[in-house]
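In case you want the letters, here they are:
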Amino acid sequence: MKFCLLIVKNLRRNVLRTLLTALGTMVLVFVVTLVWSILFFLDEVTREKSHNLKAIVTERWQIPSQMPFAYAQTLCEGAARQPGDARPTDSATWQFFAGTLDPAKRAAEDFIVAFAMEPRKLATMMDELEDLKGAQAAELQDNIHRMELQKSAILMGRDRLAKINKRVGDTITLHGINYRDINLECEIVGSFPPGRYDANTVINRDYLNDALDDYARKHNGKQHAMTSKTLNLVWLKIPDKETFSKIAQQITTSPLYASPAVKCETLSSGVTSFLESYRDLLWGMRWVLCPAILVTLSLVISNAISISVRERRMELAVLKVLGFRPFQLLLLVLGEALLIGVASGLISALATWYVVNEVMGGMKFPIAFFPSFFIPANAIGWGLGIGALTALIGSAMPAWSARTVQVSDVFSKVT
Amino acid sequence: MEAAKSIVRIRGVHKYFTRGSEQVDVLKDLSLDVPEGEFLGLMGPSGSGKTTLLNLIAGLDRPSEGEVWVGGQLISRMSEGRLARWRTRHIGFVFQFYHLLPVLTAYENVELPLLLLPLSGAERKRQVLTALELVGLENRMRHRPGQLSGGQQQRVGIARAIVTDPTLIVADEPTGDLDAKSAEEILDLLGELRRSLEKTILLVTHDARAARRADRVVHLEKGQLVENEDADEDVRMA
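Chains as they are written, first to last, in the numbering used here: chain L, 1 to 415; chain S, 1 to 238.
Hints are not guaranteed to be accurate.
[Said to hold, decoys possible] The calculated DSS-like cross-link candidates involving lysine-lysine, where the alpha carbons are at most 27 Å apart (straight line), are:
1. L/Lys218 / L/Lys54
2. L/Lys163 / L/Lys364
3. S/Lys125 / L/Lys2
4. L/Lys237 / L/Lys49
5. L/Lys9 / S/Lys125
6. L/Lys49 / L/Lys246
Hint data in this document are derived by calculation from the structure and do not stem from the laboratory.
Computed from a prediction, not measured in an experiment: that's the story for all the values here.
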């Protein structure tokens, strides 16, 4: 404890320098925390799981997938044909409806992409929504119930609502862009809990399918061009990798999916494929940007500690004369750097977590279909670790220099 | 009369430094005894080896040849680590420029050497307060060096030197940076400490007034000792 007090008091020697070093550390830790949060999330979603996996079924040779809705029923059963065939524990279909609120202007803020799906699948198949508890879970169930009772009901994320300047209870008309001449009049019955789905919109798939049927009736039985391409994605919930292998085999060998052909892959594989176009960006973030920041941080701390050691060589010599051993002087200097690094890193990580998660509701950095990212709890440890490691590295040389100070400097100079 | 035992005993000490291929002799066949309780002045011109001799006595350096005994211990053969520990307990330093840590208060500066000893907080406090009282600065213990005069800072330096109850006090030009009045006060204090605590003091100085306070003055010239019995005679010589 007594040495700690000496370390703390040494930092008060030049308060401005200490504060600036701390501030520089906080800013750099902030940036690294943001970048690592994105990479951490993407690593998590692309990590192959061995249990409770999700698989996605898409068109084999085209992106985006455009499969006929007739595939839905059998794909949701994992293309099981024989009694002993494997089946998923749950499933969901997605149809993407892109529309605009103003067909004349078609401005970016009026553009909405909605997932058309079975409302009840929101609570069982959507990441994070399936884990909701308490009031949020109850509110979601309430919204699901409303969507089932009223096919034209729509659920929107808070950011999306704010962008189109609408509130729960308002009515909007989505003029189809990919579904030309299909206009869906919807009532906003609720919003998603804050988080991952802030920018998303969900409609009842029956509403879209009914609109397609209605189009055929109004056009003398002529199907809408999208009728045979309306199914974009099928989600399957699978208990383990062995079952996944069986289901994948069943789907890919089934004669039901000849044209267009389909493929079944785990969600992590699917996401990895989708992120392929961001590969260079992510590589740069991981192996260029972050290391460069860490090196810069080490240099910032090294510079500050070097100046501090150089300024007080005489004091260090006095400490040596009084009986402090070289390793104790080394520890004193390392301790100062560690204190700045650890404290600044921890404060920065905590502040980043709070501001991004609680105040901003996520970091808006769209990559693929992930509109925003959150700071994980691990980030607190990152900040502490980054601060400590860069402090140790940066102060190593000045600390070594401190232990080699010459005691002859403290004695009188003969004139 | 029984001779006082020697606190400092130096026998046949040589100290040389090597510069390239050249050997520079700083101290040559030097022998010295400092009895317990003596106030010894050490004088000499620039380059005479005073600082080197000081370093050897204080355990900051080792002789090239010979033996240095302080307080009955052969310090010239001790390891670095053992010397550092020995120095904390047995040597009290008073510097020309005080060399107090500016970020610490007077109390904390005096406490510094005690941090290296296995003492409880209460014991450290007792010793620090005693030292500050002895130098008359108990009312200034919360002040930092920047808030003290030169004379007060040197008193804090003296308190720091005596707080561990050392065997030997080494004062290197303690009045060199002080005005005449403050210098007299410091020399009075050193003399008082020597009398009341029976300390052995080694004073390195160019100041004739300071040298006059010593019981005995030795001169160092070209690495060899020239000793005078009488401090006054030496002062006249200076």
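**Prompt:** Okay, which hints does this one fail, numbers in order?
**Reply:** 1
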